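Asker: Working from the sequences, and respecting the hints, build out all of it.
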Amino acid sequence: MKPLHVIMLLATLAVACSTGANQKTATADVQLAEGQKNKIDYSVAVADSAASPVPPPPEEEQVLNSGNAIPPAPFNRQIIRNAQIEMECADFKSFSAQLYGVVKSNGAWLDSEQETQSDYRRQNVMTIKVPVAKFDALMQAITSLKGDVREKKTNSEDVTNAIVDVQGRLEAKRQTRARYMELLKQANKMEDILQVQEQIDAITEEIESATFNIKNMQAQAAVSTIHLTYYQPIETPNGYNEPGVFTRMLDAVAKGGSGIVELSIVMLTLWPLWLVVGGLIFWIRKRRAATSVVKQSS
43 MKPLHVIMLL
53 ATLAVACSTG
63 ANQKTATADV
73 QLAEGQKNKI
83 DYSVAVADSA
93 ASPVPPPPEE
103 EQVLNSGNAI
113 PPAPFNRQII
123 RNAQIEMECA
133 DFKSFSAQLY
143 GVVKSNGAWL
153 DSEQETQSDY
163 RRQNVMTIKV
173 PVAKFDALMQ
183 AITSLKGDVR
193 EKKTNSEDVT
203 NAIVDVQGRL
213 EAKRQTRARY
223 MELLKQANKM
233 EDILQVQEQI
243 DAITEEIESA
253 TFNIKNMQAQ
263 AAVSTIHLTY
273 YQPIETPNGY
283 NEPGVFTRML
293 DAVAKGGSGI
303 VELSIVMLTL
313 WPLWLVVGGL
323 IFWIRKRRAA
333 TSVVKQSS
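According to our numbering, the residues represented by the sequence shown are 43 to 340, in order.
Relax, there's no trap hidden among the hints.
Distance condition first, Cα-Cα at most 20 Å in a straight line; then the derived PhoX-like pairs of lysine-lysine:
# : residue 1 : residue 2
1 : Lys171    : Lys146
2 : Lys257    : Lys215
3 : Lys215    : Lys227
4 : Lys135    : Lys188
5 : Lys194    : Lys171
6 : Lys176    : Lys195
7 : Lys146    : Lys135
8 : Lys146    : Lys176
Since the hints were made in silico from the structure, they are not lab data.
Computed from a predicted model, the values in this text were never measured in an experiment.
Answerer: Structure, rendered in structure tokens:
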């Protein structure tokens with residue numbers, strides 16, 4: 043055989059072997075891909091869920107025909123508003139009647155109320171709930187009543203961003219749970235089913251917690267709170283009102299001395315108990331002394 047023919051034969055065999063190897067590799071790759079079809083990849087599902095962007099608000103999805111985005115519509119800010127008022131009045135009953143009237147007329151209600159009276163003042167401490175739209179009107183009505191405003195504090199907390207943030211996280215968690223639900227349908231092994239169900243339960247708890255937080259913040263923003271304290275000083279027979287700090291300190295010292303006297307009386311009334319205790323202590327000491335003498339003699 044000529045050398046040229048030998049070279050051509052060898053080249054043909056090499057090409058045939060290479061083609062056969064490539065076909066085997068391709069066949070193996072296809073079989074591996076088909077074998078992986080029904081396999082659940084939890085890490086990919088979770089990664090896809092975490093990477094999935096939260097759908098933008100409907101306002102941001104609107105687009106003009108020219109291609110320019112429409113500015114988002116005004117968003118109602120969610121603001122929690124609270125106030126604290128302390129007032130002094132000359133006529134407690136009259137002030138109370140007027141106060142209940144303005145509270146009712148502004149659509150508010152009493153959440154709690156505590157009325158007390160001491161030797162120096164008659165006082166009422168109440169918590170008022172009012173719709174946020176009526177907050178300013180009720181504040182103005184209360185401070186305009188016949189009385190002196192001793193203290194007035196208001197504070198506001200904007201929770202809009204917090205609500206939007208929690209809503210975004212909530213939507214992401216819902217998408218993640220939906221992906222796990224699809225994985226649960228594909229799972230065949232009991233181990234896989236239990237593992238996916240555990241993840242679904244954990245995400246469901248997080249969704250419920252986030253939903254509660256959103257509703258709680260929205261409820262606080264919808265209804266404002268006013269802590270109101272009003273009182274009427276009571277004059278003493280000598281014409282003095284509430285005593286000063288020094289007088290109150292002297293009263294405390296006197297009450298402390300009275301307390302010691304009362305305690306001493308109580309202690310004396312328990313003299314039978316002290317006799318029993320004293321006798322028990324004497325018997326224990328005597329027994330210990332006898333035991334010590336026995337040990338030394340032995």
